[in-house]
Amino acid sequence: MKLSQLVGQRIKEAPRDAQTASHVFMIRGGYARPVAAGIYSLLPLGRRVTAKIEAIVRQEMNRIDGQEILMPVVLPAELWEESGRAASVGPELLRFRDRNDKAMVLGMTHEEAVVHLVRTEISSYKQLPCMLYQIQTKYRDEARPRAGLIRVREFTMKDAYSFHADQADLEQYYRRAHEAYVRTFRRVGLAEVLSIQSDAGMMGGAVSHEFMALADCGEDTVFVSPDGRYQANREIAATGLKFDKDSPLPLEKVATPGRQSIEEVAAFLGVRPEAAGKAVFYLDHQDELVFAMIRGDLEVNETKLRNHLRSPQLRLADEAAIRACGAEPGYASPLALDRERVRIVVDRSIAESGNLVVGANQPDFHLRNFYCERDLPTAEVADIATARVGDPCPLTGEPLQERRGIEVGNIFQLGDKYSRPMRCTFLDRDGREQFPVMGCYGIGIGRTMASIIEQSHDQYGPIWPMAVAPFQVHICALNNRKPEVAEAADRLYAELSEAGLEVVCDDRNEKAGFMFNDADLIGAPLRLVVSPKTLAENQVEFKTRDGSGKAMLALAQVVPAMVERVREAL
RNA sequence: CGGGGCGUGGCUCAGUCUGGCAGAGCGCUGCGUUCGGGACGCAGAGGCCGGAGGUUCAAAUCCUCUCGCCCCGACCA
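Each residue of the first sequence is one higher than the last, beginning at 15 in this note's numbering.
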């Protein structure tokens with residue numbers, strides 16, 4: 015490619031709204047241009063990078079026996095009615111009607127579409143397992159797109175779906191998929207990707223992992239132990255907190271006039287917040303009242319609680335709902351509740367602590383020495399606590415650290431969450447009708463590109479890994495007006511291209527600094543400078559983008575040297 | 001969806017308070033000088049000041065309503 019002909023201006027000043035490194039450089043370098051909030055066009059540079067990422071993803075999917083397909087972006091809403099997600103997914107699913115007034119949606123993920131496909135194509139256990147994948151546009155009507163290509167409304171995603179005769183087969187395949195993901199992210203040059211256990215969210219299913227590219231601008235918070243053995247999303251991170259349990263003391267009612275909050279009550283009674291129990295009331299998706307209790311210094315983790323209750327939605331209960339079960343807002347006690355009307359879940363911190371201060375179910379009074387085992391033996395016990403930085407790691411006991419990450423991929427064991435309601439079946443060896451067990455596996459292509467920049471850049475621009483660089487070699491022809499320079503650069507360009515390398519040649523008549531800055535923004539790993547000075551010695555200057563190497567090369571050595579460099583790096 | 005901010009040439013912004021010729025830098029075109037980390041001179045092109053109403057002799061500027069975009073939060077395979 016001659017740089018003079020490349021569409022996509024490099025620009026000196028980034029738009030004001032570009033905050034993160036990847037956003038700034040994708041705009042400044044001419045990789046992508048905004049069309050609307052969270053909707054971008056990719057320019058040739060950006061497309062070259064994503065095409066390389068896609069090629070790697072494709073190879074790795076094929077390697078685990080994936081078969082590439084392509085499903086439509088526009089889908090009939092009735093498929094989503096069948097699966098039940100039309101009701102459970104919110105406004106991020108873009109719904110509209112076609113000219114015949116038929117309800118349609120824009121696919122934000124393709125479980126329904128693939129099950130619809132498979133239920134007519136797969137009918138026997140002999141056809142299982144199978145995995146289908148596509149690299150396709152998705153649309154999610156995000157409430158708040160941000161950070162350039164990291165959080166967008168329209169995006170390209172590799173999504174894969176596997177079908178198995180039983181759970182054991184899924185689990186075995188899931189491990190292969192996990193390995194393929196690790197290889198994929200390593201190959202595209204993401205140095206720091208964690209695979210962490212995560213909450214399955216709207217996808218449903220039991221086991222899932224998120225692949226997090228560590229980056230300070232990431233929107234997800236990850237807890238890791240110092241040795242890296244424990245890694246979990248904040249939504250589900252556990253802690254190894256130990257609790258004290260003295261021998262039980264008799265319950266005692268004490269006056270706490272006007273004190274409602276944990277801090278006020280603890281201060282008034284001269285104890286630490288850890289010695290108190292905190293009560294929180296929720297209403298689940300069916301408006302059933304839930305009483306959650308946790309040690310005073312901890313916070314309820316609603317994701318954990320939601321999963322424990324198997325309720326897709328939770329919201330804080332209002333005062334009327336709280337009174338309905340006989341509790342006194344602000345002074346609620348786990349004792350004397352109407353157990354017919356409220357479900358009680360206590361955190362481990364309550365069950366395993368003793369002699370706590372709790373509400374007395376009466377204004378201006380609390381109880382001392384609440385002892386869960388004695389006073390509330392029938393309570394459900396669960397881990398519903400939000401992990402905090404510095405809490406002991408559940409595996410190692412060392413203090414947990416907090417990192418920020420970009421979710422570049424995820425994998426889920428779905429089970430029959432889609433195959434069952436959509437009546438996708440096969441006949442097993444005994445001629446019995448069965449629902450295939452499914453897994454699904456996603457990788458955000460644009461997000462991966464952005465994450466690579468976040469992890470690999472300097473103040474001047476991206477430092478692309480060879481595997482995904484838009485060009486491998488960048489030639490700067492300094493003082494290009496001199497015929498000997500233009501000729502030498504042209505010849506190098508032709509020879510390197512002929513040797514199979516991807517080369518961009520800056521053939522413009524620009525100042526050196528101007529050309530170098532553009533080269534930094536394009537970020538090709540290898541750079542050659544041709545100038546009257548170097549040609550006088552029959553040489554060109556060679557330099558790597560990452561600063562690791564610099565040398566003068568004789569003209570005759572350039573092609574073999576570059577071929578060798580590229581081969582080594584791939 | 002709540003809170004905050006911003007819409008003036010392709011990009012960054014000034015001008016808005018206090019109404020009176022639409023401006024600067026970068027980028028773009030031409031000519032000349034320069035030529036190893038974003039050079040300089042001269043001459044140009046490019047704008048319904050987000051949109052619609054209103055007030056006024058006169059509106060980028062004041063008023064009303066809208067639309068778009070960004071940031072924080074809520075939400076989020």
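No wet-lab data here; the hints were simulated from the structure. All values reported here derive from a predicted model rather than from experimental measurement. No residue lacks a Cβ here, since even glycine has one placed at the ideal position from N, Cα and C. There may be inaccurate statements among the hints.
What the hints assert, rightly or not - Simulated pairs of lysine to aspartate or glutamate, EDC-like, Cα-Cα distance not exceeding 16 Å: (1) LYS259 to GLU106; (2) LYS16 to GLU387; (3) LYS140 to GLU509; (4) LYS16 to GLU412; (5) LYS267 to GLU106; (6) LYS256 to ASP405; (7) LYS256 to GLU412; (8) LYS140 to GLU555; (9) LYS547 to ASP472; (10) LYS256 to ASP378; (11) LYS259 to GLU387; (12) LYS547 to GLU512; (13) LYS152 to ASP115; (14) LYS16 to ASP444.
What the hints assert, rightly or not - Label-pair ranges, simulated between beta-carbon atoms: (15) GLU135 to PRO574: 45 to 53 Å; (16) THR558 to GLU27: 26 to 34 Å; (17) ARG30 to TYR474: 36 to 44 Å; (18) MET118 to GLY272: 40 to 48 Å; (19) LEU263 to ARG446: 54 to 62 Å; (20) LYS16 to GLN415: 17 to 25 Å; (21) ALA51 to HIS192: 31 to 39 Å; (22) LYS140 to ILE25: 13 to 21 Å; (23) LYS16 to MET118: 43 to 51 Å; (24) GLY272 to GLU354: 30 to 38 Å; (25) SER261 to ARG443: 26 to 34 Å; (26) GLU106 to GLU27: 43 to 51 Å.
Now the hints, each set against the structure:
| no. | hint | verdict |
| --- | --- | --- |
| 1 | LYS259 to GLU106 | violated (47 Å) |
| 2 | LYS16 to GLU387 | violated (76 Å) |
| 3 | LYS140 to GLU509 | violated (52 Å) |
| 4 | LYS16 to GLU412 | violated (55 Å) |
| 5 | LYS267 to GLU106 | violated (50 Å) |
| 6 | LYS256 to ASP405 | holds (10 Å) |
| 7 | LYS256 to GLU412 | holds (13 Å) |
| 8 | LYS140 to GLU555 | violated (61 Å) |
| 9 | LYS547 to ASP472 | violated (28 Å) |
| 10 | LYS256 to ASP378 | violated (31 Å) |
| 11 | LYS259 to GLU387 | holds (10 Å) |
| 12 | LYS547 to GLU512 | violated (26 Å) |
| 13 | LYS152 to ASP115 | violated (23 Å) |
| 14 | LYS16 to ASP444 | violated (64 Å) |
| 15 | GLU135 to PRO574: 45 to 53 Å | holds (50 Å) |
| 16 | THR558 to GLU27: 26 to 34 Å | holds (27 Å) |
| 17 | ARG30 to TYR474: 36 to 44 Å | violated (20 Å) |
| 18 | MET118 to GLY272: 40 to 48 Å | violated (58 Å) |
| 19 | LEU263 to ARG446: 54 to 62 Å | holds (60 Å) |
| 20 | LYS16 to GLN415: 17 to 25 Å | violated (48 Å) |
| 21 | ALA51 to HIS192: 31 to 39 Å | holds (34 Å) |
| 22 | LYS140 to ILE25: 13 to 21 Å | violated (58 Å) |
| 23 | LYS16 to MET118: 43 to 51 Å | holds (44 Å) |
| 24 | GLY272 to GLU354: 30 to 38 Å | holds (32 Å) |
| 25 | SER261 to ARG443: 26 to 34 Å | violated (59 Å) |
| 26 | GLU106 to GLU27: 43 to 51 Å | violated (33 Å) |
The structure does not agree with the numbered hints 1, 2, 3, 4, 5, 8, 9, 10, 12, 13, 14, 17, 18, 20, 22, 25 and 26 stated previously, though it agrees with the rest.
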